[in-house]
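Visitor: So you can see what is in the structure, the chains are spelled out below.
There are 2 protein chains.
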Amino acid sequence: MPESNRRFILRSRPEGRITSETFELVEDAIPEIKVGEALVRTLWISLDPANRGWLNDTPSYVPPVGIGEVMRGGALGRVVASQNDAYREGQLVMGLLGWQEWAVASDAAPLLPLVEVPGVSVGAYLGVLGINGLTAWVGLKDIGRPQPGETVVVSAAAGAVGSVAAQIATIGGARVVGIAGGREKCALLTERLGLDAAVDRKASDWHDQLVAATSDGIDVDFENVGGEIMDAVFARLNLRARVVLCGLISAYNDPVPPPGPRAFANLLIQRVRLQGFIVFDHLDRMGEAVAELSGWMGEGKLEQLETVVEGFEQLPTAINMLFDGTNIGKLVLRVAD
Amino acid sequence: MPESNRRFILRSRPEGRITSETFELVEDAIPEIKVGEALVRTLWISLDPANRGWLNDTPSYVPPVGIGEVMRGGALGRVVASQNDAYREGQLVMGLLGWQEWAVASDAAPLLPLVEVPGVSVGAYLGVLGINGLTAWVGLKDIGRPQPGETVVVSAAAGAVGSVAAQIATIGGARVVGIAGGREKCALLTERLGLDAAVDRKASDWHDQLVAATSDGIDVDFENVGGEIMDAVFARLNLRARVVLCGLISAYNDPVPPPGPRAFANLLIQRVRLQGFIVFDHLDRMGEAVAELSGWMGEGKLEQLETVVEGFEQLPTAINMLFDGTNIGKLVLRVAD
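So the protein lines, in turn, are chains A and B. For the first sequence, my numbering begins at 587 and goes up steadily by one. For the second sequence, my numbering begins at 587 and goes up steadily by one.
No lab work stands behind these hints, which were simulated from the structure alone. From a predicted model like this one, the values you see are computed outputs, not experimental measurements. Please note that a few of the clues may not be correct.
One copy or any two copies: either way a pair holds, since identical chains are not told apart in the list.
Said to hold, decoys possible - Computed list of lysine to any residue pairs in SDA-like fashion (alpha-carbon distance at most 20 Å, straight line):
(1) K727 to V797
(2) K887 to E814
(3) K727 to V621
(4) K727 to R826
(5) K727 to S598
(6) K887 to M907
(7) K727 to A694
(8) K620 to E814
(9) K788 to R769
(10) K727 to D867
(11) K788 to S590
(12) K727 to Q861
(13) K887 to A789
(14) K620 to I757
(15) K788 to V621
(16) K727 to E623
(17) K727 to P844
(18) K620 to T912
(19) K788 to E613
(20) K727 to V708
(21) K620 to R769
(22) K788 to P704
(23) K788 to I729
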């Protein structure tokens with residue numbers, strides 16, 4: 587175990603992509619805990635598109651990370667010392683530990699004790715059985731509500747949330763079309779995850795592919811990306827379609843917001859219901875979601891796709907993989923086992 | 587009574603505005619009715635933004651008016667002869683009579699018998715107590731659901747639907763801000779209809795006016811217009827705001843759809859629910875709506891604003907008043923009394 591606490595501190599707000607100027611790696615002493623606190627060793631750090639948004643000094647659903655503060659981030663860790671009855675030594679916990687090797691839990695900054703499921707990899711707790719799984723599950727259950735036979739389009743379908751959403755929709759009997767970047771990801775969607783069709787957004791004929799794959803129109807759009815492909819999806823929405831507005835990753839690095847979808851009027855003509863949602867509003871349903879999701883995993887109907895990066899110091903580089911689309915499935919960074 | 591049937595026939599589809607090339611005025615014989623039909627004399631024709639959309643040969647919620655067909659339009663008329671038990675001579679009826687002086691009702695093309703309310707002007711049946719009133723009522727009751735004290739913004743607030751929506755929201759105890767074009771309309775909104783504030787979209791400082799009038803943000807957007815003002819409204823939506831997507835008149839004359847709202851991402855960040863709706867899905871609620879709306883009219887809480895144009899032959903000119911914003915409230919054309 588390290589005898590110091592390395593931490594990534596926000597040095598300057600990025601205009602576009604995160605660069606080597608964005609964070610500073612500092613080395614502090616391991617925190618000493620007081621009564622009511624628990625010391626947690628960070629094991630796995632979750633890398634999520636939302637991390638990028640937290641660096642912008644603009645109004646959002648949480649305050650931005652402050653200059654000089656440790657970078658905010660979801661992670662999984664192990665309690666190594668506790669002076670709080672809610673935590674016991676050796677326990678696995680999950681929450682906003684931040685980009686640091688050691689963190690402190692307290693009643694004011696609580697962490698979620700992990701309910702370990704036999705036969706499930708540790709990384710899955712940050713993905714399918716964690717925030718990403720809950721995001722996909724709530725988005726489909728509460729907003730998208732696909733009926734058997736309906737056509738569901740999932741953007742970033744090879745990503746952490748998209749791959750779960752696409753599998754849940756498939757389990758429910760919908761016709762599922764995934765949008766992803768590159769032939770490899772598209773093959774994975776149809777061959778390994780059992781989707782009905784995949785659209786390669788990097789191919790010059792992506793629009794033709796989308797039209798061919800959704801010849802009866804689109805009933806549910808599980809939207810993670812935004813931009814011109816969302817626009818093309820909006821133009822193909824059916825009567826009473828639902829848009830689960832979960833993410834808009836294509837614009838997260840843009841200093842100025844791009845124009846919105848030209849097919850906006852189709853939301854009116856087709857009586858579309860669009861609902862923006864942020865998973866943190868739905869944490870109370872984590873138990874219910876994990877029960878169903880882990881059941882499907884046990885039956886072999888649902889699997890975690892993941893890309894693991896090794897080494898704490900790789901964090902600022904690894905996060906950009908999400909925007910380059912070089913990760914497949916959940917992107918996690920392993921700090922220690 | 588005229589002894590012929592003048593009718594406006596669609597001659598060519600307009601690219602932008604309706605022009606003198608769009609329709610042809612033809613004169614036919616008065617239809618002879620058969621068993622199962624009723625002959626109706628057109629009295630008042632309703633002019634609505636939706637009329638323009640029906641001229642475009644693009645997929646929409648109804649098929650476009652065909653070249654050579656009589657222009658589709660809502661109207662109010664009187665039954666002058668009937669061979670159908672559903673209609674009796676002298677009865678007032680409402681429905682898609684079209685732009686013609688005489689129309690035929692049948693079971694295949696039914697009209698709605700009018701429930702006359704004492705003390706209400708005939709024009710109100712096409713406005714507050716007709717389709718426009720139902721639109722405003724359903725949009726607020728089912729989608730917007732403003733709570734007392736919440737801030738509701740209504741665009742085209744001096745228009746046929748907007749003026750009713752703004753008054754209903756005021757009756758319900760919301761803080762209501764109307765957007766309208768010109769000082770005269772704005773004064774009418776605050777002084778005559780009792781809105782809390784009005785924003786003049788034609789003033790160079792319209793954005794400052796909007797900010798000042800919605801200092802606590804916006805909880806409900808009853809959207810009739812679209813374009814840059816909708817974009818500014820979207821940027822000010824509060825947590826869990828609702829967008830009643832009722833109309834997008836600013837683009838109805840555009841051959842190519844304009845870019846969508848740049849503040850689109852705010853729908854995600856603020857967990858906004860947006861619902862497109864078309865009033866024709868809700869005709870079954872007309873009775874309930876008219877009961878409540880006519881009650882408010884009787885109590886003096888709700889009034890019909892209207893602009894009346896005289897003369898059947900004025901139809902193609904009068905319709906453009908909606909896009910120039912020269913009408914106040916419901917725009918109707920009086921054919922006969």
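Visitor: Which numbered hints turn out to be false for this structure?
Guide: 1, 2, 3, 5, 6, 7, 8, 11, 13, 14, 15, 16, 17, 18, 19, 20, 21, 22 and 23
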